[in-house]
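Q: Listed below are the residues making up each chain.
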Amino acid sequence: MAISKEEVIHIAKLADLNLSEDEIEKYTKDMQEILEFANRINNVDTSEMTETIAANEKSNVFRKDEVVKFENREVLLSNAPSQDEGMFRIPKVLN
Amino acid sequence: MAREDYEVVIGLEVHCELSTKTKIFCSCSTEFGGEPNTHCCPICMAMPGTLPVLNEKVVEYAVKAGLATNCSIEKNSKNDRKNYFYPDNPKSYQISQYDKPLCYDGYVTIETEEGEKKIRIERIHIEEDAGKLNHDEYGRGSFVDLNRAGVPLIEVVSKPDLRSAKEAESYMRKLKSIFEYIEISDCKMEQGSLRADVNVSVRKKGSKEFGTRTEMKNMNSFRNIVRAIEYETERQIDEIENGNEIMQESLRWDEISGRTFPMRDKEDADDYRYFPEPDLVSIKLSDEYINKIKNELPELPESRRKRYIDDYNLTEKAANFVTSSKYYSNLFEEAVEICKNPKTVGNLIMSDIARILNEREEEPDSLKFTGKELGELVTLIDKGTISSSIAKKVLEELFNEVKMPSKIIEEKGWVQISDENAIKEVVEKVLDANPQSVSDYKAGKDKALGFLVGQAMKETKGKANPQMLNKLFLEELKKGE
Ligand SMILES: [Zn+2]
Chain A
1 MAISKEEVIH IAKLADLNLS EDEIEKYTKD MQEILEFANR INNVDTSEMT ETIAANEKSN
61 VFRKDEVVKF ENREVLLSNA PSQDEGMFRI PKVLN
Chain B
1 MAREDYEVVI GLEVHCELST KTKIFCSCST EFGGEPNTHC CPICMAMPGT LPVLNEKVVE
61 YAVKAGLATN CSIEKNSKND RKNYFYPDNP KSYQISQYDK PLCYDGYVTI ETEEGEKKIR
121 IERIHIEEDA GKLNHDEYGR GSFVDLNRAG VPLIEVVSKP DLRSAKEAES YMRKLKSIFE
181 YIEISDCKME QGSLRADVNV SVRKKGSKEF GTRTEMKNMN SFRNIVRAIE YETERQIDEI
241 ENGNEIMQES LRWDEISGRT FPMRDKEDAD DYRYFPEPDL VSIKLSDEYI NKIKNELPEL
301 PESRRKRYID DYNLTEKAAN FVTSSKYYSN LFEEAVEICK NPKTVGNLIM SDIARILNER
361 EEEPDSLKFT GKELGELVTL IDKGTISSSI AKKVLEELFN EVKMPSKIIE EKGWVQISDE
421 NAIKEVVEKV LDANPQSVSD YKAGKDKALG FLVGQAMKET KGKANPQMLN KLFLEELKKG
481 E
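Those sequence lines, one after another, are chains A and B.
Position 53 of the first sequence, counted from 1, bears residue number 53 in my numbering, the numbering being contiguous throughout.
Position 224 of the second sequence, counted from 1, bears residue number 224 in my numbering, the numbering being contiguous throughout.
Chain A extracted, bound-state conformation (with noise of 0.2 Å):
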């Protein structure tokens, strides 16, 4: 499986990157060789072993639903870099 110069133009687009033509080149490489290194799983017989469906092996971690009210909203705005009215400001955003 080759991977396109212009699916990783799309891929930096979906994860807000602006790379430049030699980064472009570059990661055109890298993720090539990520691929093919785990495209090597894909040749493991599976066919006798259950369905995995995590990597971490316990399950059923669950909370009580009772409210903990955290009380400091004003440290939870301090690194904003820029609020108002208890609200973080940011560039306007049209719907």
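In silico SDA-like pairs for lysine to any residue, Cα to Cα no more than 25 Å straight-line:
(1) B:Lys403 with B:Glu361
(2) A:Lys13 with B:Tyr98
(3) B:Lys75 with A:Glu48
(4) A:Lys69 with B:Ala46
(5) B:Lys132 with A:Leu94
(6) A:Lys13 with B:Leu133
(7) B:Lys132 with A:Val67
(8) A:Lys58 with B:Tyr98
(9) A:Lys13 with B:Ala46
(10) A:Lys92 with B:Leu133
(11) B:Lys82 with A:Thr52
(12) B:Lys132 with A:Ser82
(13) A:Lys69 with B:Gly34
(14) B:Lys82 with A:Ala55
(15) A:Lys13 with B:Pro87
(16) B:Lys21 with A:Gly86
(17) B:Lys91 with A:Pro81
Label-pair restraints from in silico Cβ distances:
(18) A:Glu66 with B:Glu361: 34 to 42 Å
(19) B:Asn134 with A:Lys58: 35 to 43 Å
(20) B:Lys317 with A:Arg73: 48 to 56 Å
(21) A:Met31 with B:Lys205: 41 to 49 Å
(22) B:Asn400 with A:Lys58: 52 to 60 Å
Calculated from the structure, these hints are not laboratory results.
Backbone N, C-alpha and C fix where the C-beta goes; we use that ideal spot for every residue, glycine too.
Using the hints provided, position chain B with the ligand relative to the given structure of chain A.
A: Same frame as chain A, now just chain B with the ligand:
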């Protein structure tokens, strides 16, 4: 090709906020309203290093929803990450479910003009809601409130089985009613706790292939869903008739102009690069767990409907109507318990109560009085204390202020006049005042009697016992023969 040669194909993705006390992955309150960003913590604000922990009630409620809609339950389920950038989505991904939804392959039954129809449900999965963006008219920017971010949702995805706007509405009403019965959501559409993405396509009748579909997101009233589907159906037929192709796209429904507009976003919108959520472990459900929830489900509308027909002798129509909402159905049962007259209670709900709600543009969940008041009202009718026309006035009063009907009629002086002498007096007065009607009646015009009774009712402000009035008029009119 004529318009009748086309058919519309509709599928709904219904989002329903669950009425758990806390959010899906943190212990913040889910309460609606509240000062901006006060129902938030480092987890739902996506601070680096925080980890989600799944709320057990969310799983329980989703399984309830699945069982109540005839779904199979996935015993080996998990969460997945859906990646997209938007300012209301603080993590830049939403934790949802992809290939192992908690519930799959269900259906609900709706009533159509051609009888009952099964609408298949492909899947129900759990996910987190997004925050809210507020805009200001001065263009100073947009403002992000994350109180709603992380509120648990189920998304119910139907198969494209709906064939008209009306069917889509019935289906959505059915889901709303079921979720109210099993008490997993308050289903308040005006607060956004029940909303739908609507997929619409058209095709030639009899064709097996689907046409290209468009999607209208976040529709939050029955009226807008119906209008948007009707508009979009016509628009797509027009496009095809004019030789144009339908573009697969997301549309925005504008309720003011009553039109749809393309959303000028992201052509890659559907490329979400799902992958298993590494911060959460899998969800494994035992038969024991599933059966326990199944056994604890309350009685569902379908079963109540049958019971009302079999045990209470309600008509099919009345039974359908009364069970269409948990609020009607509970009101009905409470009132019947008191007055033992299911027929009259059913009729009052179906005609008068529904009409008044409609006039007030309210839904049954806003009813303030209970079966206690309604039951007494029907008892008062049955005992002859008030006439049915006074009963309607008492109902109107109950919408304004909840009081016992006996108290209302006492305060308003609405007790029915059943004293024969008092009524006879009125009858004589009306006969004297309307000699023309008297001779009309004697000349064979039976309608004149109705007029005379009406005059007597007017005279007594609706308080005269109607059977007695009729009887006395007939006696008096026969005297002269
Ligand atoms: Zn939180």
